[in-house]
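For the record, the sequence lines run as chains L and E.
Following our numbering, the numbering of the first sequence begins with 1 at its first residue and continues without gaps.
Following our numbering, the numbering of the second sequence begins with 1 at its first residue and continues without gaps.
Please note that the accuracy of each hint is not assured.
Copies of the same chain look alike in the list, so a pair counts if it works inside one copy or between any two.
DSSO-like, lysine-lysine: derived pairs with alpha carbons at most 30 Å apart [to be verified]: (1) Lys351 to Lys58; (2) Lys351 to Lys51; (3) Lys349 to Lys86; (4) Lys51 to Lys216; (5) Lys171 to Lys240; (6) Lys382 to Lys86; (7) Lys286 to Lys49; (8) Lys86 to Lys51; (9) Lys137 to Lys107; (10) Lys12 to Lys240; (11) Lys53 to Lys291; (12) Lys291 to Lys49; (13) Lys216 to Lys49.
No lab work stands behind these hints: they were computed from the structure.
There are 2 protein chains.
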Amino acid sequence: MKKIDGGVTAAKGFKAASVRAGIKESSTKTDMAMVYSESPCAVAGTFTKNKVKAAPVKWDQHIVYDCKVAQAVVCNSGVANACTGKQGMDYCEQMADATAEALGIAKESVLVASTGVIGAQLPMDKICNGIKELAPKLSEDLEAGHDAAVAIMTTDTRPKEVAYEFEIGGKKVVVGGMCKGSGMIHPNMCTMLGFITTDINISQELLQEALSEDIKDTFNMVSVDGDTSTNDTVLLMANKEAGNEIITEKNDDYYKFVEALHNVNVFLCRNIAGDGEGATALLEVKIVGAKSTEQAKILSKSVVTSSLVKAMICGHDSNCGRIMCALGYAETELDPDTVDLFYESNAGKLKIVENGVPTDYDEEFATKILSECEVTVIADVKMGECEATAWGCDLTHDYVSINADYRS
Amino acid sequence: MKKIDGGVTAAKGFKAASVRAGIKESSTKTDMAMVYSESPCAVAGTFTKNKVKAAPVKWDQHIVYDCKVAQAVVCNSGVANACTGKQGMDYCEQMADATAEALGIAKESVLVASTGVIGAQLPMDKICNGIKELAPKLSEDLEAGHDAAVAIMTTDTRPKEVAYEFEIGGKKVVVGGMCKGSGMIHPNMCTMLGFITTDINISQELLQEALSEDIKDTFNMVSVDGDTSTNDTVLLMANKEAGNEIITEKNDDYYKFVEALHNVNVFLCRNIAGDGEGATALLEVKIVGAKSTEQAKILSKSVVTSSLVKAMICGHDSNCGRIMCALGYAETELDPDTVDLFYESNAGKLKIVENGVPTDYDEEFATKILSECEVTVIADVKMGECEATAWGCDLTHDYVSINADYRS
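Bound conformation, chain L alone (with noise of 0.2 Å):
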């Protein structure tokens, strides 16, 4: 199992394009992204449980529940299609529709997605144009994939995007994947958008069950600002050009595809988190020693979402009772007089709590561990062996900045 360059183009027979549609006058970058495969692919996807659902989720659940295959995705931001009622629906069909025409295939093989806005319309003049200038400009190159990975970008800073590869029975197989989030993080079981992509030969239903597996630990285990949006959706197509055995059942090549997977995953989320709105460091809460796994996910998630822990990182403050305070109203079990709490970071490791009291650390090493941009609050319970790591960010003026004034 080795990382490897690229995203979304790294498997065979994936191509990607990016364009810029206009859809938000103001901005000059791209705005439009396209994936395709010339091989039909069994597709997976896990959607939002927000029961506010933008019409692209609505469509692409069809696609993902019923259909099973697809060939194309196309995805645009700047508009989210969210609350845009029936007519925000014949315009996603109508994106399907304009899609599958400029590529020959069918509009049941075209998924949809789009972020931004909610509330607003599609302007369709011109994300018709964007398709018909997609088509023509789809390319294997991995460059092309990190354009698409630019080009669905609202607010992040960042594109993200990762591949990794290895082999099934002498062939190699590779999975890559981009995505795109960095406000309304907090997926209820997915993050906003993301596509990966593999060459693997595996069944459907082994393809839909290793994604919604995995979510659970790494999607699911992020959280930026405690929204989960209307537009959540993670999409997995497989397109066989890897000629491996087809996957039928969870032998041995299952797991070393799952594995690859979970890293594809785990990076993207890592950097969704580190570029939440606003951040300046990643945050990573990890618990040890509960009772369950269920319990430390409970836990880590209440760490990671507490608006005083978060305002802390970006202080770079030590005030180990607002993590104590956001352990004490998880809903979970939890002895607080058993708790011992750890910084770590590429600065070093501090135990700052033993069993529910601070300990005398060093506070001038414990804001030296919190000023890097990845800080890690390890919290040992002291239940049992089970653990679970949660994602998330500071808290900064940007984000308020950012999000006090969004549309403009």
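Use these hints to put chain E onto chain L, whose structure you have.
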């Protein structure tokens, strides 16, 4: 029922005092307060559900649950006496003991409250000196009550006190209170510290029931930052000095008292929310047309705690999709396609969403409404006849400034 001047000393027989004990050396503010009644009081209390409970919370639970009678409260700001182990518990008892000695009453008649930094031990010499100074300063003046409300403040920008007067069988009855709370406010039972005094004659059982019921619609509906403190406490003391016939059943007199208590609590809650750390505006979220009060509460708290909605209020920027999004991820029933949304403030009222889709509303007018210092968001979910209101505030740069560097 009328609103009158004063706070904890408005009711007959209650005295208060405040001093600067120097708990936070850098501060010149008063930091200790005492409330005292010459006659023993029936006492009721509600406390944080955080599993990390400060020592004074444990002490007060003992007094309220086991003793049910008290005469004094002693309170310090600066140090929370939470996460302080056995030593913290000993110190808390010493505070009660010193107060009992100074007042010539039993230790079990003294309630204790602390607020401030978690994880630090109390400076007991300063605390004990403070208590000795407080006792002789006790006064029935309204000003003494006001000064006590100032002394318990931490990051609050203004003291919070109120009193109501009504009659029972020709006897004048007063309910007055003070509270503090600005950050770490998301009471899962009550807010950080609230002290309510009344001269009514009522059984302890009904006093506790009146408080326990009312906080569900008042203190439990306030959120500044989603963090449930380790110290949340509301205490209600009734010293019988109004001279009314004792209330032992839920008759008309009881409901008059409940109404006065509710008015006091709503006033205090709105003030806590509007004075949230860094806040420039009170955000009130009212859900109408719900199937049940429970559903209305879940929906209103989901909106009032949304970082993106809070930042939008700060920016006076009508981004109604964020409100729809927060309604959608609340863990309760909702049909997004029937939701109507309104903004309301002193500047006017405006429908911004009808049946789940934004109306063609006047943006300029929306901004005007959102620019007031008290803003109400109303959602009609058209499923029934129930309603609920939650109180919070906007998310601002100052919230980050205050909390990124709270201890220094």
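* Asked: Under a CA distance limit of 30 Å, which applies to Lys351 and Lys58: within one copy, between copies, both, or neither?
  -> between (47 Å within a copy, 27 Å between copies)
* Asked: How would you classify Lys171 and Lys240 at a CA-CA limit of 30 Å: within, between, both, or neither?
  -> within (11 Å within a copy, 86 Å between copies)
* To do: With 30 Å as the alpha-carbon cut-off, assign the pair Lys51 and Lys216 to within, between, both or neither.
  => Answer is both; intra-copy 19 Å and inter-copy 26 Å each pass.
* When no copy is specified for Lys53 and Lys291, does a C-alpha distance of 30 Å or less occur within a copy, between copies, both, or neither? -> Intra 35 Å, inter 22 Å, cutoff 30 Å: inter-copy only.
* Asked: Between the shortest in-copy and the shortest cross-copy C-alpha distance, which are at most 30 Å for Lys291 and Lys49: within, between, both, or neither?
  -> both (27 Å within a copy, 21 Å between copies)
* Pop the pair Lys12 and Lys240 into one bin, within, between, both or neither, using alpha-carbon distances up to 30 Å. => within (9 Å within a copy, 83 Å between copies)
* Using 30 Å as the alpha carbon limit, work out where Lys351 and Lys51 are close: within a copy, between copies, both or neither. => Classified as between: cross-chain Cα gap 21 Å, same-chain 42 Å, threshold 30 Å.
* Can you tell me if Lys137 and Lys107 fall within 30 Å by alpha carbon in one copy, between copies, both or neither? -> within (20 Å within a copy, 81 Å between copies)
* 30 Å Cα threshold - placement of Lys86 relative to Lys382 -> Only across copies: Lys382 and Lys86 sit 20 Å apart there, 53 Å inside one copy, limit 30 Å.
* 30 Å Cα cut-off: does Lys349 pair with Lys86 within a copy, between copies, both or neither? -> between (54 Å within a copy, 27 Å between copies)
* Since the copies are identical, ignore which copy is meant and state whether Lys216 and Lys49 lie within 30 Å (CA to CA) inside a copy, between copies, both or neither. => Both. Shortest intra-copy (13 Å) and inter-copy (28 Å) distances satisfy the 30 Å Cα cut-off.
* Asked: Between Lys86 and Lys51, at a C-alpha cutoff of 30 Å, which is it: within one copy, between copies, both, or neither?
  -> Close inside one copy (16 Å), not across copies (47 Å); limit 30 Å.
The earlier numbered hints are all upheld by this structure, with none contradicted.
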